[in-house]
Amino acid sequence: MKIVIVGAGPAGVTVAETVRQYDDEAEIVLITAEPYPPYAPPAIVDYFLTGQETHLWKGMDLPERLGLEWRPDTLVTELRPERKKIVTEAGDAIGYDKLVIASGSRLYAPVEGSDRPGICNFKSLTAAEELLDEVKSEMAKSALIVGAGFIGVEIALLLAQMGLQVTQIEALDRVMPRMLDAESAEIAVEILRDRGVDVRLNTTGVAFLGEERAESIELESGQTLTADLLVAATGVKPNIEFLEGSGVETDWGVIVDDYLSTTIPDVYAAGDVAEAKDRITGERSVHAIFPNAVAQGQVAAYNVLGFEIAYEGADSMNSLKHLGLPILAVGALEGDEVLRVRRGDVLRKVCLTDDQIVGFRLVGDVSAGGILRSLMIRRSDIRPIKDKLLDPNFGMGYLYSVSETAGLAIQT
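Heads up, the sequence shown is in our numbering, so the first residue is 1 and it goes up one at a time.
Misleading hints may appear alongside valid ones.
[As the list claims (entries may be wrong)] Derived CB-CB ranges, DEER-like:
hint, residue 1, residue 2, range
1, 355, 73, 48 to 56 Å
2, 141, 224, 16 to 24 Å
3, 337, 212, 53 to 61 Å
[To be verified] Taking lysine-lysine and the DSS-like style, the derived pairs with C-alpha atoms no more than 27 Å apart in a straight line are:
hint, residue 1, residue 2
4, 321, 136
5, 2, 85
6, 321, 141
7, 84, 237
8, 2, 58
9, 237, 85
10, 237, 58
11, 388, 58
12, 85, 136
13, 237, 277
14, 84, 2
15, 321, 237
I should point out that these hints are in silico values taken from the structure, not numbers from a laboratory. Even glycine gets a Cβ: it sits at the ideal position worked out from N, Cα and C.
Please put together the full structure from these sequences, using the hints given.
Following this line, the structure appears as structure tokens:
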């Protein structure tokens, strides 16, 4: 059996590893548009801070260890399912028995001129290296970041620590607006400002300006902001253009069923490109985070191999642990009941519906995150421990002491 995997991010690599774990004979082709060995996007910041290559999470010798065909610098431009082939930018046609689409996502900046030269981003290792080269050249003294989601905040903290004068604009009324409520975002923005980031909320960029290269951004107010370094961090969009006309159903991402199959036989999707069900709501969505990509890669591989394993669902989750600002946001922002406690810059907020955890926000201290998430995904009835959820000493030891008598479902 020949298995072709488009994309060598966390999802694609996990597919390859899982297939090889169960099948020594399968022919595996792993394709990526980038020139680098497989890397972990969340570790890019660590790499640039420490110089340690922790982002190369599978090592340099993955193709040799797995005995697969490794095709870097290869952009897939077309899928021809009737012939069971994909076509590359170079015109090569690659046949498959099973295909896994793990093509990831790219920067999505709804600002006029966002495709102009001179606009940096941090979406890939290639883009991140280009950005940091600008900083290390010492030509850039100031940076303007458009967008204050998790990626944008991480970039702002990194550049501020590297000595740049950083301005960050966000169209909505708080930082990390998709995942944080007003109170947790308030703590985050205070810390950002304490670290030297000039955060401007309710500020919308409408167009990047400049002659040959982008040099400034025009705001909705008519004001123009200029900086040595312009960074777009407004969000990401799945890489699905090569599927146009193939018959694979897409919306924001690739539509998949509970087995991560697409609407075309023998074609699966996983990772940032897959529009899969949400673990809590059951609604279809793209949750582009590392843990989901790995889990989907594993399930896609199982089903490629014929095991018929259903995907439990994606988590809506984001974390920020770098540079002294620990934040963990998981699941729903609200519920039928909300438990909260704040001690200075430390906030814990737990959202409940029908006596089950449906979401939580941790700022400043994220040590309870694993336990809360375990209770959430197991849909545990938390009534026996409800009065302990906000206790700063709440931990796994306490749960074990009550789990047998309370009937709590705990996953470690």
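Against the structure, the hints come out as follows:
no.	hint	in the structure
1	355 with 73: 48 to 56 Å	53 Å, holds
2	141 with 224: 16 to 24 Å	18 Å, holds
3	337 with 212: 53 to 61 Å	56 Å, holds
4	321 with 136	24 Å, holds
5	2 with 85	11 Å, holds
6	321 with 141	25 Å, holds
7	84 with 237	26 Å, holds
8	2 with 58	22 Å, holds
9	237 with 85	24 Å, holds
10	237 with 58	25 Å, holds
11	388 with 58	39 Å, violated
12	85 with 136	43 Å, violated
13	237 with 277	17 Å, holds
14	84 with 2	11 Å, holds
15	321 with 237	24 Å, holds
Hint compliance for this structure: hints 11, 12 are broken, all remaining hints hold.
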